[in-house]
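K.L.:
Take a look at the letters that make up each chain.
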Amino acid sequence: MQSQLPLYPEQASNFAPHVDGLMLFLISVSFFFAAAITIAIVFFFFKYHRRQPNAVGTPIHGDMRLEATWMIVPLILAMGMFSWGAIIYVDYRRAPEDTLDIYMVGKQWMWKAQQPNGQKEINELHVPVGRNVRLILASEDVIHDFYVPAFRVKMDVVPGHYNTMWFRPTKPGRYHFFCSQYCGTNHAIMGGWVTVMEPSDYAAWLSGSTGGDTNPVVVGEKLFAEKACNTCHLSSGLGRAPSLNGLFGAKVLLVDGSTVVADEAYIRESILQPNAKIVAGYQPLMPTFQGQLTEEQILALTAYIKSLQSQPVPAKGAGVAPSTGKK
Amino acid sequence: MSTTPLELEHKLPHEDYLNATYGIRSWLLTTDHKRIALLYLGSVTVFFFIGGLLATLIRIHLLTPTGALVTPETYNKLFTMHGVAMIFFFLIPSIPAVLGNFLIPLMIGAKDLAFPKINLLSWYIYVIGGCFVLYSFSTGGLDTGWTFYTPLSSVYSNSAVTPAVIGIFINGFSSILTGLNFIVTVHTMRAPGMTWFRLPLFVWAHYATSMVMILGTPVVAITLLLAGLERMFHLGFFNPALGGDPILFQHLFWFYSHPAVYIMILPSMGVVSEIIPTFARKPIFGYAFIAGSSIAIAVIGFLVWAHHMFVTGESAYAALAFSFLSYLVAIPSAVKVFNWTSTLYKGSISWDAPMLYALGFIGLFTIGGLTGLFLACLGLDIHIHDTYFVIAHFHYIMVGGAVMGYVGGLHFWWPKITGRMYSEPLSRFAAVILFIGFNLTFFPQFILGYLGMPRRYHSYPPEFQVLNVLSTAGASILALGYLLPMAYLTWSMRYGEVAGPNPWPATGLEWKTPSPPPTENFDVTPEVTWEPYDFENRPDLGLAAGAPSLAPAHGDD
Numbered sequence: 001m002q003s004q005l006p007l008y009p010e011q012a013s014n015f016a017p018h019v020d021g022l023m024l025f026l027i028s029v030s031f032f033f034a035a036a037i038t039i040a041i042v043f044f045f046f047k048y049h050r051r052q053p054n055a056v057g058t059p060i061h062g063d064m065r066l067e068a069t070w071m072i073v074p075l076i077l078a079m080g081m082f083s084w085g086a087i088i089y090v091d092y093r094r095a096p097e098d099t100l101d102i103y104m105v106g107k108q109w110m111w112k113a114q115q116p117n118g119q120k121e122i123n124e125l126h127v128p129v130g131r132n133v134r135l136i137l138a139s140e141d142v143i144h145d146f147y148v149p150a151f152r153v154k155m156d157v158v159p160g161h162y163n164t165m166w167f168r169p170t171k172p173g174r175y176h177f178f179c180s181q182y183c184g185t186n187h188a189i190m191g192g193w194v195t196v197m198e199p200s201d202y203a204a205w206l207s208g209s210t211g212g213d214t215n216p217v218v219v220g221e222k223l224f225a226e227k228a229c230n231t232c233h234l235s236s237g238l239g240r241a242p243s244l245n246g247l248f249g250a251k252v253l254l255v256d257g258s259t260v261v262a263d264e265a266y267i268r269e270s271i272l273q274p275n276a277k278i279v280a281g282y283q284p285l286m287p288t289f290q291g292q293l294t295e296e297q298i299l300a301l302t303a304y305i306k307s308l309q310s311q312p313v314p315a316k317g318a319g320v321a322p323s324t325g326k327k
Numbered sequence: 328m329s330t331t332p333l334e335l336e337h338k339l340p341h342e343d344y345l346n347a348t349y350g351i352r353s354w355l356l357t358t359d360h361k362r363i364a365l366l367y368l369g370s371v372t373v374f375f376f377i378g379g380l381l382a383t384l385i386r387i388h389l390l391t392p393t394g395a396l397v398t399p400e401t402y403n404k405l406f407t408m409h410g411v412a413m414i415f416f417f418l419i420p421s422i423p424a425v426l427g428n429f430l431i432p433l434m435i436g437a438k439d440l441a442f443p444k445i446n447l448l449s450w451y452i453y454v455i456g457g458c459f460v461l462y463s464f465s466t467g468g469l470d471t472g473w474t475f476y477t478p479l480s481s482v483y484s485n486s487a488v489t490p491a492v493i494g495i496f497i498n499g500f501s502s503i504l505t506g507l508n509f510i511v512t513v514h515t516m517r518a519p520g521m522t523w524f525r526l527p528l529f530v531w532a533h534y535a536t537s538m539v540m541i542l543g544t545p546v547v548a549i550t551l552l553l554a555g556l557e558r559m560f561h562l563g564f565f566n567p568a569l570g571g572d573p574i575l576f577q578h579l580f581w582f583y584s585h586p587a588v589y590i591m592i593l594p595s596m597g598v599v600s601e602i603i604p605t606f607a608r609k610p611i612f613g614y615a616f617i618a619g620s621s622i623a624i625a626v627i628g629f630l631v632w633a634h635h636m637f638v639t640g641e642s643a644y645a646a647l648a649f650s651f652l653s654y655l656v657a658i659p660s661a662v663k664v665f666n667w668t669s670t671l672y673k674g675s676i677s678w679d680a681p682m683l684y685a686l687g688f689i690g691l692f693t694i695g696g697l698t699g700l701f702l703a704c705l706g707l708d709i710h711i712h713d714t715y716f717v718i719a720h721f722h723y724i725m726v727g728g729a730v731m732g733y734v735g736g737l738h739f740w741w742p743k744i745t746g747r748m749y750s751e752p753l754s755r756f757a758a759v760i761l762f763i764g765f766n767l768t769f770f771p772q773f774i775l776g777y778l779g780m781p782r783r784y785h786s787y788p789p790e791f792q793v794l795n796v797l798s799t800a801g802a803s804i805l806a807l808g809y810l811l812p813m814a815y816l817t818w819s820m821r822y823g824e825v826a827g828p829n830p831w832p833a834t835g836l837e838w839k840t841p842s843p844p845p846t847e848n849f850d851v852t853p854e855v856t857w858e859p860y861d862f863e864n865r866p867d868l869g870l871a872a873g874a875p876s877l878a879p880a881h882g883d884d
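Heads up: the protein sequence lines correspond to chains A and B, in order. In terms of the numbering used here, the first sequence opens at residue 1 and continues consecutively. In terms of the numbering used here, the second sequence opens at residue 328 and continues consecutively.
Careful, some of the hints might be misleading.
Unchecked claim - In the DMTMM-like style, the derived pairs of lysine to aspartate or glutamate whose C-alpha atoms are separated by at most 25 Å in a straight line are:
no., chain 1, residue 1, chain 2, residue 2
1, A, K251, A, D141
2, B, K673, B, D867
3, A, K47, B, D861
4, A, K316, A, E221
5, A, K112, B, D867
6, A, K277, B, E641
7, A, K112, B, D861
Hints listed in this document are in silico derivations from the structure and should not be mistaken for laboratory results.
Given these sequences and hints, build the entire structure.
P.N.:
And the structure:
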């Protein structure tokens with residue numbers, strides 16, 4: 001248990017012990033140097049205090065060996081700090097394969113989370129303990145930042161971009177999350193609680209929800225028809241636009257010969273700026289949907305397209321790069 | 328003054344730059360660098376007062392978790408205006424435009440800066456820019472944060488953003504002209520014998536600062552102008568709804584605003600590099616390393632900007648490169664601290680106020696610099712970015728470092744500027760109060776940050792209250808540490824003891840002319856025949872020069 005005046009937040013994710021260990025290393029090195037400098041200054045200050053008004057000090061102009069030492073030793077320590085920090089950061093920026101993906105939309109001044117089954121929450125987030133959780137972050141307006149001190153992780157939520165962050169909760173409980181990028185008037189109250197639950201409790205919590213018409217796949221499918229996407233993107237591959245079956249996560253061959261992985265960011269861009277990347281063999285016919293869809297609608301469309309991942313890919317007209325093709 | 332070796336009754340010079348001419352016109356149309364420095368001194372003090380008052384309100388508000396004083400809108404305006412006033416209108420011009428302006432010609436033996444009229448122009452530009460910003464503050468205020476992140480500033484904010492960005496844009500030219508003036512002056516106006524490696528380290532620091540001012544300021548000026556254009560005319564530079572990219576703004580903004588930190592701290596390092604050898608009465612340890620590290624900081628400082636953006640989703644490879652470069656810039660700063668400390672070894676150390684400020688600077692800057700390593704560390708930054716840890720870190724650098732150096736420099740050169748001394752015991756007391764008050768205010772914020780309190784919060788969870796109250800208590804002591812010098816320095820202008828040309832004594836050229844100096848600085852162009860900070864071969868200082876010292880005078884220890 002923590003004392004009345006804790007010095008660090010609870011450790012509740014896979015990252016927390018590593019970040020705290022790194023912190024301890026930096027504190028030790030810093031304390032050593034700060035103490036050494038302070039002791040030297042205080043010692044000299046009294047030892048060499050001027051006792052006669054016209055006394056002068058002993059002229060010493062420098063020492064190359066000392067200069068070299070105090071450049072090289074700090075440099076080595078600094079490289080140690082850099083490397084250790086880089087290891088944690090690279091781990092943080094590269095999510096594992098088997099993540100539980102949750103969408104998180106920030107807007108002035110609230111957070112909307114959506115579980116894979118469509119369960120929605122506002123300023124709350126429920127996650128199972130021991131499971132790798134990936135948050136896909138989108139903003140409706142200005143830049144926000146999703147920050148969970150007990151997990152030691154944060155990521156900016158930038159309009160026009162999808163950012164992702166991941167963590168593995170290690171301890172059931174309720175933890176603060178904050179918006180940590182200043183976003184206007186009520187920035188300080190744009191926060192809430194992460195609830196980390198035992199997997200069975202989480203499953204029970206999820207089943208208590210009404211999937212139905214809030215299920216993003218269902219909403220996305222409806223939108224796909226409403227916005228007439230389905231008039232060109234025929235699943236048979238015979239339409240004016242590529243079939244989206246099996247698209248998500250696959251490589252797409254573009255007209256310029258390059259390939260791109262169809263992830264959330266690619267799909268979002270293709271909806272909002274269809275001409276940015278044209279699939280090989282197709283004409284730039286698609287109109288832009290910039291300003292016509294909310295972030296949540298885009299997420300629903302993405303969820304629907306994701307659900308087509310398991311659908312049979314037509315031999316022709318899929319837009320998916322052949323697996324034996326270029327890298 | 329008892330520290331004067333020759334116990335003479337000093338008299339003020341018959342005619343000096345202060346009484347050579349009279350009347351308001353003689354000040355507003357002056358081209359004398361010393362008078363322009365005093366114009367700047369007055370105007371940056373106004374902004375320091377405004378910024379300080381806002382900081383006081385912020386600290387009072389944060390006494391309770393729900394916010395004790397103002398509404399969220401007002402709180403956001405308080406910290407935004409505090410940042411804008413302090414950074415753009417106090418910290419950046421403070422040491423260069425006041426002390427640099429006053430001292431650089433004196434230190435190199437010149438009659439004035441290279442372009443005296445441009446020097447005056449730069450002050451008017453500063454005042455015009457300042458008026459725009461004050462207009463913004465008084466008509467709706469400003470609530471974007473001093474960082475003006477888009478699209479909040481360019482689309483969503485309802486406050487007076489446009490006049491503020493115009494004001495900062497205009498003010499940028501003041502900085503550019505000052506930097507240009509310094510560089511040309513140092514290149515072309517040095518007195519005979521004043522070689523590059525005889526330049527006071529204060530001049531080296533200002534030379535490096537001027538490079539940053541000239542190369543960096545245009546970028547921030549244009550960036551804020553683009554944000555202003557996006558706000559006024561809906562041109563899509565940064566707003567994704569118009570095809571822009573908000574991250575682009577951050578790159579452009581920090582390309583200047585990180586080097587701007589070095590605009591604030593390098594001149595302060597220059598001040599400390601003057602004070603320490605003077606009050607230890609010995610040559611500075613590693614002159615070339617301190618001079619060179621100023622240049623290294625200025626150059627590497629341009630290559631680290633994206634360490635403000637590790638959690639924006641920028642490429643992990645970019646993050647790795649910027650973290651690595653940020654660690655490199657720590658080395659020249661460390662070199663300075665080690666050399667200053669070594670200078671004290673076998674010195675003849677006086678306990679005068681300027682020395683107390685300089686030693687306080689080393690302590691606080693060391694903590695500020697070391698905690699910079701925490702933020703440059705990628706793995707830690709994902710936790711402490713945008714928390715109070717950042718607030719504490721940069722206040723240690725900017726207030727503990729830059730302001731401490733500025734106040735120390737004012738105490739050091741005050742007898743030169745005014746011709747009079749201030750109260751010795753009071754000034755020592757104020758230096759100690761400032762140091763204690765500062766640490767009490769900002770050290771708790773490191774812990775708050777690690778505990779996870781985000782910055783720019785008008786209210787906070789109750790578990791953070793104890794540390795916030797501690798910080799506010801410290802701030803009241805800190806305020807006393809600033810008000811005291813303002814009082815006794817003002818008092819000394821009229822009633823202080825007459826100082827004489829070289830009261831400490833110090834070795835620089837500025838001390839070879841009367842205090843206050845005549846308008847032309849020197850009656851005859853001086854010729855420099857001595858090395859910097861050499862107390863041994865300077866019989867004119869009236870010290871125990873030439874007398875055998877306690878240890879052999881070789882550089883080896």
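K.L.:
Compare the structure with each hint and give your call.
P.N.:
Evaluation of the provided hints:
Taking the CA atoms of A:K251 and A:D141, the gap is about 31 Å. The hint is violated against a cut of 25 Å. With a C-alpha separation of about 23 Å, the suggested pair B:K673 and B:D867 falls inside the 25 Å cut-off, and the hint holds. For the suggested pair A:K47 and B:D861, the alpha carbons sit about 22 Å apart, so the restraint of at most 25 Å is met. For a cut-off of 25 Å, the pair hint linking A:K316 to A:E221 stands: about 23 Å separates their Cα positions.
Simply put, A:K112 and B:D867 have alpha-carbon atoms about 76 Å apart, too far for the 25 Å limit, and the pair is violated. Of the pairs offered as hints, the one joining A:K277 and B:E641 holds, with about 21 Å between alpha carbons and a cut-off of 25 Å not exceeded. Between the alpha carbons of A:K112 and B:D861 the distance comes to roughly 68 Å, so the proposed pair goes past 25 Å and is violated.
Comparing the model with each numbered hint stated earlier shows that hints 1, 5, 7 do not hold.
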